[in-house]
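> In case you want the letters, here they are:
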Amino acid sequence: MHIFVCIKQALDWNASTKDFRIEPTTHQVAVSFARYRIDQFDEIALEVALQYRDRQGGEVRALTVGPAEADDVLRHAYAMKANHATLVESTDKDVSTAELLAAGVRHYGDGIVLCGRTSSDNGTGQTGPALAEFLGVPFVANVVHIEGGENEWLCRCETPDGYEVLKLSSPFVASVTNADTNMPRVPAMKDVMLAHLAKIETLAAATLCPSPGAAFAPRTRVLRRYVPVTSRACQRMEGTPQEQARALAQYIRTVLTRA
Amino acid sequence: MKILVVATPRDHCGRIEELMNAAHAAAQGCTSEIHVLGTGVAFDETIAQAGADHVYRLDTPLSGSFYPDAVVDIAERACAIVTPALLLVTGDALGLQVAPRLAVRMKATYVSGCCGFERTAPGRLDFVRPVYGGKALEVVESTAPLTVVTVKAKSFLNGERRPTAAQVQTLDFPVTAPSGAITRVQVDAREAHVGRNLEDAAVIVSGGRGLGSAEGFVPLHRLAERLGGAVGASRAAVDAGWIAPTFQVGQTGATVAPDLYIAVGISGAVQHVAGIGAAKHIVAINTDEEAPIFGVANVAAVADYREIIPILIDELTEKTT
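If you read the protein sequences in the order shown, they are chains A and B.
Mapping to our numbering: the first sequence position 160 is 160, numbers consecutive.
Mapping to our numbering: the second sequence position 69 is 69, numbers consecutive.
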């Protein structure tokens with residue numbers, strides 16, 4: 001029983017955001033700012049898969065798409081104790097990540113596929129649902145916990161009203177969101193060291209032939225990126241807590257009377 | 001340009017108005033036809049008054065089947081009838097899972113969380129959307145005949161809509177869940193009533209990691225009650241287990257647009273700020289003088305909330321009774 005977890009590298013928001021800047025020529029985040037790590041929701045998806053495996057068995061395979069250097073996230077997955085890690089090697093920006101991931105999953109056969117609900121950079125949240133369509137399997141969103149197996153999987157999903165449990169059979173794709181039960185484990189130092197030596201399987205995108213017989217799915221093209229100018233000038237209250245509270249109360253009353 | 005607006009079972013009147021504002025914003029400066037498909041709920045009147053040319057009603061209730069699958073299926077059939085160049089869906093939990101699937105099926109491009117349109121030349125339409133958790137914006141162009149768009153909440157609150165006399169047509173698609181494989185076995189709406197009104201609240205008092213504990217929310221609840229508002233939380237407070245996820249405001253929680261947002265002990269991580277950009281007034285209370293939240297607040301107090309909030313409640317009570 002394979003659980004695939006699709007992961008990618010994204011900006012580390014825990015690094016300082018003070019110097020955040022977009023390079024005007026490349027439309028990418030300024031190199032001086034950028035610090036990368038595994039995307040926050042992808043890491044949670046890994047945690048959900050690993051919790052299942054630790055309880056009920058099976059094997060967890062982390063998958064990522066990118067150039068040869070993109071193996072950092074896969075080593076992180078190994079450090080968290082994933083069983084396998086695969087890099088779908090591609091530098092072609094015209095092919096959708098979901099299509100390549102679908103080809104990667106097909107290479108190994110069926111299973112269930114987890115991914116983060118959205119990324120902290122592009123933040124489109126399309127990889128999971130698009131992957132389900134490319135694989136032609138059902139999709140469930142905002143899963144926080146999985147159990148069961150084979151023909152009776154139970155997914156606990158966050159909804160706008162609380163939670164619901166959905167039952168379905170394998171194969172399927174699920175996007176994962178955060179809950180107090182799935183905070184990612186912190187790898188042990190020993191496992192971090194071992195992860196550097198672990199073997200990463202590489203699949204060349206060209207040999208996978210995504211979407212046999214069909215042209216690649218169309219993608220949007222980025223024309224420019226920029227940091228919008230925000231015009232809020234922050235007025236700081238002064239004086240004792242009493243005086244500050246009084247000034248705040250005054251401000252709040254004024255604002256609410258006008259509204 | 002033909003635009004198809006897909007109203008889902010979760011769209012209430014306000015959301016449909018936002019979608020219609022978005023459709024009219026996209027259509028500005030060109031001849032257009034706005035078609036609206038109501039899946040599962042009849043909001044015909046709202047839609048007709050919001051300036052649609054054609055309204056398709058679907059009288060079959062979706063409650064018996066798995067919503068998202070049914071919505072993808074119905075929208076796909078409606079596309080065949082309308083042949084739109086642009087398809088708009090609300091960017092809520094349902095829209096965000098439905099739209100990308102539809103885009104793959106229709107060989108369309110997908111624009112997620114669109115907050116604006118740009119027309120730089122006649123016949124050309126580009127899309128503005130937040131990236132990096134709302135820290136930056138990007139402008140993208142579509143490369144396909146159909147673009148599927150999820151509309152970011154609170155981005156099209158106002159708009160000019162032309163009055164139209166909508167033609168209402170009833171569609172009788174058979175509604176079946178195409179996968180047929182997903183069944184809902186348990187609904188746990190335990191926390192449903194709490195935090196539900198966050199997106200529509202006029203006043204929100206929100207707490208973050210700086211509160212230090214679950215008990216820290218007690219004075220916040222009192223202040224919210226005093227102001228007739230709702231309580232919200234940052235992801236840090238939710239992750240710490242101090243409050244239920246339904247209270248979460250930010251990129252991964254609710255997108256809010258209150259008249260007044262009071263951020264208490266919230267540092268102002270980009271993901272949180274992404275969810276409060278539409279707030280009219282932001283008040284920040286934090287002991288950390290360097291907290292990034294001060295960069296987006298209108299007024300700020302560098303103070304301990306335990307000290308200042310009880311006084312603030314007293315001040316507001318005295319002056320209003």
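Simulated from the structure, these hints should not be mistaken for laboratory data.
Glycine residues also receive a C-beta, built at the ideal position from the N, C-alpha and C atoms.
Hints are not guaranteed to be accurate.
To be verified - Covered by chain A, per the in silico footprint, the following chain B stretches (three or more residues, Cβ under 8 Å):
(1) 20-34
(2) 98-107
(3) 111-121
(4) 207-216
What the hints assert, rightly or not - Simulated coverage check for chain B against chain A, where a stretch passes if three residues somewhere in it have a Cβ under 8 Å from a Cβ of chain A:
(5) 141-151
(6) 235-241
(7) 271-283
> Determine for every hint whether it applies to the structure shown.
Hint check results:
Residues of the segment 20-34 of chain B lying with their CB closer than 8 Å to a CB of chain A number 0, which falls below the three-residue condition for coverage. Residues of the segment 98-107 of chain B lying with their CB closer than 8 Å to a CB of chain A number 8, which satisfies the three-residue condition for coverage. Coverage of the segment 111-121 of chain B by chain A holds in this model, with 3 residues showing a Cβ closer than 8 Å to a Cβ of that chain against a need of three. Residues of the segment 207-216 of chain B lying with their CB closer than 8 Å to a CB of chain A number 0, which falls below the three-residue condition for coverage.
Beta-carbon proximity to chain A at under 8 Å applies to 5 residues in the segment 141-151 of chain B; the threshold of 3 is reached and the given coverage holds. Counting residues of the segment 235-241 of chain B whose CB lies closer than 8 Å to any CB of chain A gives 4, which reaches the minimum of 3, so the coverage claim holds. Beta-carbon proximity to chain A at under 8 Å applies to 5 residues in the segment 271-283 of chain B; the threshold of 3 is reached and the given coverage holds.
Figure legend: structure checked against the earlier numbered hints; hints not met, in rising order: 1 and 4.
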